[in-house]
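Participant: Chains as they are written, first to last, in my numbering: chain A, 1 to 284; chain B, 285 to 611; chain C, 612 to 931.
Note that these hints are calculated values from the structure, not bench results. Just so it is clear, CB atoms sit at the ideal spot from N, CA and C, and this is done for glycine as well.
The calculated label-pair distances, taken between Cβ atoms and stated as ranges, are:
id: 1; chain 1: A; residue 1: 46; chain 2: C; residue 2: 621; range: 53 to 61 Å
id: 2; chain 1: C; residue 1: 630; chain 2: B; residue 2: 591; range: 50 to 58 Å
id: 3; chain 1: B; residue 1: 297; chain 2: C; residue 2: 912; range: 28 to 36 Å
id: 4; chain 1: B; residue 1: 309; chain 2: C; residue 2: 678; range: 39 to 47 Å
id: 5; chain 1: A; residue 1: 9; chain 2: C; residue 2: 627; range: 38 to 46 Å
No more than 27 Å apart at the CA atoms, straight line, and that leaves these computed lysine-lysine pairs for BS3-like:
id: 6; chain 1: B; residue 1: 348; chain 2: B; residue 2: 367
id: 7; chain 1: C; residue 1: 738; chain 2: A; residue 2: 15
id: 8; chain 1: A; residue 1: 184; chain 2: B; residue 2: 367
id: 9; chain 1: A; residue 1: 184; chain 2: B; residue 2: 415
id: 10; chain 1: B; residue 1: 501; chain 2: B; residue 2: 534
id: 11; chain 1: B; residue 1: 456; chain 2: B; residue 2: 367
id: 12; chain 1: A; residue 1: 109; chain 2: B; residue 2: 365
id: 13; chain 1: B; residue 1: 409; chain 2: A; residue 2: 184
id: 14; chain 1: B; residue 1: 456; chain 2: A; residue 2: 184
id: 15; chain 1: A; residue 1: 184; chain 2: B; residue 2: 369
id: 16; chain 1: A; residue 1: 109; chain 2: B; residue 2: 369
id: 17; chain 1: A; residue 1: 184; chain 2: B; residue 2: 391
id: 18; chain 1: A; residue 1: 109; chain 2: C; residue 2: 623
id: 19; chain 1: C; residue 1: 623; chain 2: B; residue 2: 308
id: 20; chain 1: B; residue 1: 365; chain 2: A; residue 2: 184
id: 21; chain 1: B; residue 1: 456; chain 2: B; residue 2: 369
id: 22; chain 1: A; residue 1: 18; chain 2: C; residue 2: 738
id: 23; chain 1: B; residue 1: 409; chain 2: B; residue 2: 369
id: 24; chain 1: B; residue 1: 391; chain 2: A; residue 2: 15
id: 25; chain 1: B; residue 1: 348; chain 2: B; residue 2: 308
id: 26; chain 1: B; residue 1: 348; chain 2: A; residue 2: 109
id: 27; chain 1: A; residue 1: 184; chain 2: B; residue 2: 348
id: 28; chain 1: B; residue 1: 456; chain 2: B; residue 2: 365
id: 29; chain 1: B; residue 1: 409; chain 2: B; residue 2: 422
id: 30; chain 1: B; residue 1: 308; chain 2: A; residue 2: 109
Listed here are the chains, written in short residue letters.
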Amino acid sequence: MAENSYLRAVWRRFKRHKLAMVSLYFVLFVIFVSLLAPIIAPYHPNRITGDFGAPPGDGHLLGTDDVGRDVLSRLIYACRVSLMVGILATLISTVIGVVLGLVSGFFGKLLDSIIMRFTDMVMSFPYLLLVLVAAAIFGPSLMNIIFILGFVNWPGIARLVRGNVLSLRERAFVQGALVAGLPKPYILFSEILPNTMAPILIHSSSVIAFSILDEAALSFLGMGVQTPTASLGNMLGAATSQAVLTNMPWIWVPPGIMIVLIVMSVNFIGDAIRDAFDPTNPLV
Amino acid sequence: MILLRVENLTKTYPSPDSGFGKRKRIQAVTDVSLTIDEGETLGLVGESGSGKSTLGRIIVGLEKPDSGEVYFRGRNIAEVKGKEKIQLRTDLQIVFQDPWASLNPRKRIYDTLSAPMLFHRFATKENVEEKILDLLNKVGLSSDAAQRYPHEFSGGQRQRIGIARALALQPKLIVADEPVSALDVSIRAQILNLLDELQEELNLTLLFIAHGLASIKYLSDRIAVMYCGRIVEIAETEALFSNTYHPYTKALIASSPVPDPYRIQEPEGLLAGEIPSNVDPPTGCYFHPRCSLAEESCCEITPELTPVPGDETHLAACPITIARGGS
Amino acid sequence: MNKGGLLRYVLKRLLIAVPVLIGITIIDYLLMNLAGNPIDMMIGPRITEAAKQAKMIELGLDQPFLMRYWLWLKELLNGNMGYSITTYQPVTQMISQNMGPTVLLMGTSMLVSFLVAIPTGIYSALKQYTVRDYVIVGTSFLFISIPGFFLALVLVYLFSTQLGWLPSSGMKTLGGSGGLIDIIRHMIMPVIVMSASVTGSNVRYIRSSMLEILQQPYLRTAESKGIGRFKVISKHAIRNAMLPIVTLIGLQLPMLLGGSVIIEQIFSWPGLGLMTMSAILNRDFPVIMGVSLLAAVAVLMANIITDILYAIVDPTIRYD
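Using the sequences and the hints, build the whole thing.
Facilitator: The structure is reproduced here in structure tokens:
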């Protein structure tokens, strides 16, 4: 009822951001295409279907790659992979981060100190380095990448949630629930959590963007998704060869542009969400 | 019958502002003792920093005192365990000052009210709705309020909901922490009247905390005056106003605005100086730096609450005025 | 200014850092163990199996984890980070050899980033709602969203392959006489790539910080007092907007460190990143762990310094 009207007001404010709306449609379009990949893609992405290194021409809208696979099909499947990694990794890190942040902020004292110091430790390691090292140790594969990225991203969310919980904890309605003798876990999940949803959502959108970028970087370096499976990153990886870089731009430019578009869209959407939840924000 | 007894309660907080060296502490509540009888309304008045809110929070269990005990129905609330502890939770409730912050903005009134009732088995899933409507009616709200969200109500209405929430668990004692301070003056009377009626109807015991004497006077049977963490005077309402002893109480009464444009404010009644810091209170009687009656002994000995001549129930912490039999 | 409070805050901050430091070393050691036998990495090349066994017992590797950790830590504090599996050099030596170019790259990138971002951000905030503002914001968004390696590829494609203006790899031209100009020519593209995304987010941050300040009532008060608009802005607004910059530097260090790995790989820039990358590809764990440790400690130091600087600049947070 009125909860809906709150969300509806947020949605209305969101809609005012034209750029974000366009981005939203774009992302939905990409998701839609990814889901329908088996139906839409003209060829199987890993099968050789043409001459290698053929420029865009008949049968292959975007040409073929250095081995002879259809670039367009690979592109579609690659989007699927990259999106999947981005979303799943973000899900993992959000769950971990939210739980730790809630517990740390609410119960305070020793538990808080321990969790926060642990967060500091993980945050200290340069992000990409940690991911690369973990990939080197555990071996690169799709599932591993998802988990690794998930485990590396939770500190940011945990800090954020903890901060919110600290201030919410002192609010009268939480204190009232405490006085009423309601059990602490209930208070944590039923009273506090819903009131921090907005910042969590906003942060998650940038985590999705980062995860997609990181997966691309990893795969580019050969430490992520392995060929023949296509990912936006490893398609770009082909460009490390001088020949491909110079003479076959259709192989590496489309995946690059795709990444840029997806990540930009996610960023626009995230920004618009932030504005939609907080109408007093001076950021345009 | 005494419902609540507080003995020598002291509570301090770490001070955020301290130099390099020993950490100073804020003396929020110092050596406070009082009792509340069943069915009575005790008013607790004092300026900000007097410790009245802290005292209320300790009584209701939101804070733990550094020393001293709180006895509810003869039982020390710090020692209660298990089922008794849960029962205690339902017996002591609180109404908060800020109507805007006291309700979860994301929950409908129905959910806010039903949760504690269902948890403590005061209601079952079948009859909880009926009980909620009953509660809402009691506080003067219509039944369709249950399905709404807090932001749809005005400050006064939200405060009524806050009172309903406190009543939901059928408490014996309610701590009302400045329940009308955040409301428009025109609404205050309504809420005060509501509390008055509810108290009579349900035989509630009320600890009514406020910083202005006007509302306290209206509702309270007895009044305790706090200054800088200590109680300086406690008496039945009538007696406090007609036979004031402690100089601080006198000043407080004198400075209350009176809606009479022809009355000229007497200058001696007004207080000079500022409220002392809670971190470094003055020696002896905390009030002595601002007191016109202060003598040598006042900065050495901290006075105890002693009965005034002729009235056992009227206590004041000022040996000077007690000796004089008045001020 | 409350000197006592500041000193206390510094000490408290350093004190908190100690367990974090220890934790970092523990994580590092743990990961190393997962990767392989630390003894192999510590001893060095050309040792017989028997001697290795003897060394293992001597070094107490048949002992529980904590003991081994302690021994490793002792070695570490003595400056022994082990030996590289591939080059047989001591890790510490490899690190110090390769550190220079990376620091040069990172330092220049950060400098460039701020030199560009500060005026741009301020300008954009002042001209809010104009086309120029939108262009700047849009471009910043673009830079944040472009993966560094893609930008690198595009730049190399444009400027090296097609136009031939800039060299695409290395720090100096092979066989050339070197010299500052040569290095700078080699540095241009890597620096652009490295600073791009960081500049993008800096611009946005400074812009929003500036916007927030411009909205403050005290500015209007200053203006109404008769102080000219320009003076008002430069004196009051900018100084306050600069505060977050301190934290920005601290935050960006980890990003730059990570980015250097990829960028040095692409441009064959002979720095720590390149060394680390080949170590990773070759599973050369002593090198990897050594660099990771160093990086983590550097980030930790940066965070501490940032916190302290922030406490100096903004007195209210000391009372935490």
